[in-house]
Amino acid sequence: MKGLAQSKAVLQKADLLPGAVCAGLFLFSNQKREKRMSALLWIGDDILAEQYLLEMKNVHKRFPGVHALKGVSLELRAGEVHALLGENGAGKSTLIKVLGGIYEKDEGEILIDGKKVEIKNVEQARNAGVSIIHQELVLVPYLSVAENIFLGRELRKKGGFIDRSAMIRETQRALDEFGLKLSPNAMIADLNIAQQQMVEIVKAVSFNARIIVMDEPTSSLSDKEVDALFENVRKLTARKIGIIYISHRMSELQEVADRVTVMRDGEYIATKEVAVTGNDELVALMVGRQLDNYYTRTFNDCKEPLLEVKNLSTAKIHDVSFTLRKGEILGFAGLVGAGRSETMQAVFGLDKVISGSVKLNGRELAGKNAESILASGISLVPEDRKNEGIFPGMTISFNMTLKVLKEFIRGIRVNNSKEKEIVEKYFQDLSVKAPGTETLIGSLSGGNQQKVVIGSWLASRPRVLILDEPTRGIDVGSKSEIYAIMNELAKNGVSIIMVSSELPEILNMSDRIIIMRGGSISGVLDRSEATQEKIMQHAVNI
Amino acid sequence: MDNKIIASTKSYFKRNAGILIGLVALCVIISLRSDRFLTQDNIMNVLRQISSNMYLACAMTMILIAGGIDLSVGSIVAITGVTAGTLLNAGVPIPLMLLICIALGAVYGTITGLIITTTTLPPFIVTYSMMQILRGATYVYTGGTTVRVDNRSFINLGTGYAFGFLPLPVIYLLIVFVIVFIVLNKTTLGRHIYAVGGNEKAARFSGISVMKTRMFVYIFSGIMGSLAGLVLCARSYSGNPLAGDGAEMDAIAACVLGGASMAGGYGFVGGTLIGALIIGLLNNGLNLMRIDSYWQIILKGIVILVAVYVDYVKNLKKNKSN
Numbered sequence: 001m002k003g004l005a006q007s008k009a010v011l012q013k014a015d016l017l018p019g020a021v022c023a024g025l026f027l028f029s030n031q032k033r034e035k036r037m038s039a040l041l042w043i044g045d046d047i048l049a050e051q052y053l054l055e056m057k058n059v060h061k062r063f064p065g066v067h068a069l070k071g072v073s074l075e076l077r078a079g080e081v082h083a084l085l086g087e088n089g090a091g092k093s094t095l096i097k098v099l100g101g102i103y104e105k106d107e108g109e110i111l112i113d114g115k116k117v118e119i120k121n122v123e124q125a126r127n128a129g130v131s132i133i134h135q136e137l138v139l140v141p142y143l144s145v146a147e148n149i150f151l152g153r154e155l156r157k158k159g160g161f162i163d164r165s166a167m168i169r170e171t172q173r174a175l176d177e178f179g180l181k182l183s184p185n186a187m188i189a190d191l192n193i194a195q196q197q198m199v200e201i202v203k204a205v206s207f208n209a210r211i212i213v214m215d216e217p218t219s220s221l222s223d224k225e226v227d228a229l230f231e232n233v234r235k236l237t238a239r240k241i242g243i244i245y246i247s248h249r250m251s252e253l254q255e256v257a258d259r260v261t262v263m264r265d266g267e268y269i270a271t272k273e274v275a276v277t278g279n280d281e282l283v284a285l286m287v288g289r290q291l292d293n294y295y296t297r298t299f300n301d302c303k304e305p306l307l308e309v310k311n312l313s314t315a316k317i318h319d320v321s322f323t324l325r326k327g328e329i330l331g332f333a334g335l336v337g338a339g340r341s342e343t344m345q346a347v348f349g350l351d352k353v354i355s356g357s358v359k360l361n362g363r364e365l366a367g368k369n370a371e372s373i374l375a376s377g378i379s380l381v382p383e384d385r386k387n388e389g390i391f392p393g394m395t396i397s398f399n400m401t402l403k404v405l406k407e408f409i410r411g412i413r414v415n416n417s418k419e420k421e422i423v424e425k426y427f428q429d430l431s432v433k434a435p436g437t438e439t440l441i442g443s444l445s446g447g448n449q450q451k452v453v454i455g456s457w458l459a460s461r462p463r464v465l466i467l468d469e470p471t472r473g474i475d476v477g478s479k480s481e482i483y484a485i486m487n488e489l490a491k492n493g494v495s496i497i498m499v500s501s502e503l504p505e506i507l508n509m510s511d512r513i514i515i516m517r518g519g520s521i522s523g524v525l526d527r528s529e530a531t532q533e534k535i536m537q538h539a540v541n542i
Numbered sequence: 001m002d003n004k005i006i007a008s009t010k011s012y013f014k015r016n017a018g019i020l021i022g023l024v025a026l027c028v029i030i031s032l033r034s035d036r037f038l039t040q041d042n043i044m045n046v047l048r049q050i051s052s053n054m055y056l057a058c059a060m061t062m063i064l065i066a067g068g069i070d071l072s073v074g075s076i077v078a079i080t081g082v083t084a085g086t087l088l089n090a091g092v093p094i095p096l097m098l099l100i101c102i103a104l105g106a107v108y109g110t111i112t113g114l115i116i117t118t119t120t121l122p123p124f125i126v127t128y129s130m131m132q133i134l135r136g137a138t139y140v141y142t143g144g145t146t147v148r149v150d151n152r153s154f155i156n157l158g159t160g161y162a163f164g165f166l167p168l169p170v171i172y173l174l175i176v177f178v179i180v181f182i183v184l185n186k187t188t189l190g191r192h193i194y195a196v197g198g199n200e201k202a203a204r205f206s207g208i209s210v211m212k213t214r215m216f217v218y219i220f221s222g223i224m225g226s227l228a229g230l231v232l233c234a235r236s237y238s239g240n241p242l243a244g245d246g247a248e249m250d251a252i253a254a255c256v257l258g259g260a261s262m263a264g265g266y267g268f269v270g271g272t273l274i275g276a277l278i279i280g281l282l283n284n285g286l287n288l289m290r291i292d293s294y295w296q297i298i299l300k301g302i303v304i305l306v307a308v309y310v311d312y313v314k315n316l317k318k319n320k321s322n
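Quick note, the sequences are listed as chains A and B, same order.
Mapping the first sequence onto our numbering, position 19 (from 1) lands on 19, and the numbers just tick up by one.
Mapping the second sequence onto our numbering, position 92 (from 1) lands on 92, and the numbers just tick up by one.
Honestly, the hints are just simulated from the structure, not real lab data.
Treat the hints with care, since some could be wrong.
[As the list claims (entries may be wrong)] Here are a few chain A residues that face chain B, going by a calculated C-beta distance under 7 Å:
no., residue
1, Val287
2, Asn387
3, Gly393
4, Leu402
5, Lys403
6, Val404
7, Glu407
8, Ile409
[As the list claims (entries may be wrong)] Output of the computed footprint for chain B on chain A, the stretches with three or more beta carbons under 8 Å from beta carbons of chain B:
no., stretch
9, 239-251
10, 372-383
C-beta: ideal position from N, C-alpha, C; glycine also.
Construct all of the structure, not just a fragment, from the sequences and the given hints.
Shown next, in the form of structure tokens:
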């Protein structure tokens with residue numbers, strides 16, 4: 001059964017490969033045409049000064065209590081991939097929302113092809129040729145690819161009925177153009193994230209978009225899917241479409257971006273050519289200081305076992321055994337779907353344990369519910385922040401104190417000052433950037449949300465802290481802060497399990513590393529012997 | 001301490017500004033059209049009338065916040081009334097009868113809650129089915145006829161007064177209101193209710209027992225259904241299988257008028273009180289103004305629609321400025 005699922009996944013990825021080949025061919029032929037066209041233009045217009053496709057000049061945006069954009073400027077050339085870099089809360093999303101008509105700017109101007117445009121709503125943005133591909137994709141899940149692409153502007157036959165065959169034909173043509181092996185009739189819900197993203201891109205192009213914004217497009221893609229995405233990005237630039245590209249992965253910039261604009265605290269910092277700019281320089285620009293000690297880790301000598309998991313099996317994992325020592329950081333590496341998160345959920349009592357034992361200080365926990373396991377001193381910071389971590393409609397303080405209500409609510413007596421004390425402590429300790437503790441958590445940036453989530457678990461003063469992908473989708477500054485917090489906790493005797501797909505993080509932070517594959521443990525490495533290669537060998541079946 | 005009270009009063013008025021203005025406007029209009037409206041008799045009458053709705057609406061507020069809905073309460077009102085009448089006529093002493101009825105209410109709530117938490121079927125469907133089953137059972141048992149009650153001391157529990165002027169049902173209402181207010185605002189359970197409705201998965205990861213929380217709100221709702229049934233039975237001298245028809249909708253309307261979100265995670269019992277008052281005043285005022293009873297239904301629908309819309313627009317503006 002497992003094998004079947006795996007081979008299916010491989011097949012799905014392989015789908016994209018022929019696409020990449022077609023992409024190459026297409027790119028080649030298209031580039032030629034573009035060259036010819038621009039040559040013609042050149043003759044026709046002798047003194048063509050550099051004309052930007054998009055200029056955003058001195059844009060200001062104020063929210064109650066926050067000056068989110070303080071005179072930001074951005075220039076985008078046609079056919080350019082322009083990366084937008086900055087820590088969480090630097091104002092990237094706000095800038096993009098201003099461009100996309102979701103927010104209205106307070107000051108400044110937007111020029112497209114040198115002409116001033118007014119963008120006050122999404123409709124106007126679309127008419128101006130701006131299309132945004134959001135991090136959370138916004139396709140209708142139970143409609144087909146074709147229906148999604150033509151949503152709201154369905155082709156009609158005489159008499160007003162929908163011309164399904166024309167829509168499918170058009171969609172097929174657009175999909176072929178991008179070398180996508182997708183059926184126009186496929187339902188969106190049946191596609192994986194990468195495929196959905198491609199549909200979004202096709203949709204944007206079908207709207208004649210000339211400026212496409214991609215907000216962290218690679219955050220949930222596999223390496224192969226990322227390659228395919230980049231191929232398609234190049235196809236877009238070949239059509240003289242300008243792309244604004246937001247990502248936290250520095251390594252991608254070298255590969256895909258031409259120029260990069262850095263923002264910090266709502267301000268414009270600099271625009272650089274990617275080819276001649278080092279990552280260190282960009283990081284320094286982003287955080288406004290040199291990040292010398294990105295990973296903070298003082299290793300301790302840990303001997304005393306605290307958590308002992310023996311032969312643990314659930315529906316998803318098989319015969320997992322490991323020991324966590326006091327004050328240790330234990331890294332869990334492996335491919336996505338190797339059973340790491342499932343192991344943690346079993347330990348935390350969220351999945352039904354079939355057999356095996358989980359002992360904390362010799363006390364049996366297997367079979368207990370999450371409530372009592374939490375009370376016994378184990379905390380689990382879940383992987384999927386948005387769906388499993390936060391209560392978006394509630395305030396920071398509600399989110400922060402939910403696990404420690406017992407500390408300030410006795411029966412019907414609420415000790416407000418104690419509650420405030422807890423909230424303030426972790427709000428300050430984790431330097432959450434927000435107007436106040438009564439701000440809705442849903443309005444914060446990802447990194448700040450994560451800090452609140454971690455704070456809420458720290459408040460319960462766990463002896464064992466399980467962090468599942470603690471730095472996913474978080475900027476470098478916040479990452480570094482989170483590493484420092486982990487180190488501090490370990491120093492104070494808290495034992496940490498860190499599940500992570502980022503090998504540098506695993507290698508730099510862990511005392512020992514456990515590698516999982518297909519629901520079982522496939523290797524254990526000590527800090528002294530661990531290398532990327534060794535981890536990968538255990539993680540994939542060679 | 002005083003500052004805190006002032007602050008929370010302020011935020012109460014701010015949050016409910018729209019609907020409070022509506023309430024006042026309604027009062028002004030009715031009092032201009034009818035001399036009888038502002039008499040003590042009539043005001044007590046209104047309070048007594050809304051109390052049954054309020055028992056249900058208080059419980060419904062918690063259910064909506066927890067991300068559920070309970071359509072079965074109207075049928076619980078009917079079956080409780082019939083049960084109460086039958087037990088009294090069979091000579092069961094009042095305290096024991098009350099206990100049995102309340103316990104049965106808890107049982108109905110437990111069944112609903114268990115089905116919802118174990119099957120994860122949508123609460124709308126589960127409680128709709130319960131509504132049909134209980135209503136049907138009431139008809140089957142009574143054959144569609146009412147069960148007459150002539151036990152004076154029981155009837156007094158619904159028609160009597162405290163301190164000579166305050167109807168007893170209003171006293172019960174105050175008690176229920178205070179309990180729900182305290183649970184929602186002062187207890188861990190209350191926060192768990194908001195958490196479960198706000199993000200069920202995150203609540204699970206936070207070590208909150210989603211099942212226990214859900215069970216509590218449905219059981220409480222069953223008990224409130226029974227309370228409403230008992231009071232109605234006492235006030236009307238009979239257990240009527242038709243009683244409480246549509247009561248669940250009035251309760252939901254009161255909650256939504258009071259700002260509760262049907263999507264869960266948001267709501268206030270203080271708002272629900274105003275919502276129930278508006279619905280009660282509408283019924284009373286339209287009667288006093290001698291408006292045809294069929295027209296009353298239409299007007300009620302329109303007023304609720306407008307009120308909720310005004311509130312919705314207000315929230316939309318608030319969210320935009322955030």
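Now for the hints, and whether the structure bears them out:
no., hint, result
1, Val287, "28 Å, violated"
2, Asn387, "5 Å, holds"
3, Gly393, "5 Å, holds"
4, Leu402, "5 Å, holds"
5, Lys403, "5 Å, holds"
6, Val404, "10 Å, violated"
7, Glu407, "10 Å, violated"
8, Ile409, "5 Å, holds"
9, 239-251, "violated (count 0)"
10, 372-383, "holds (count 5)"
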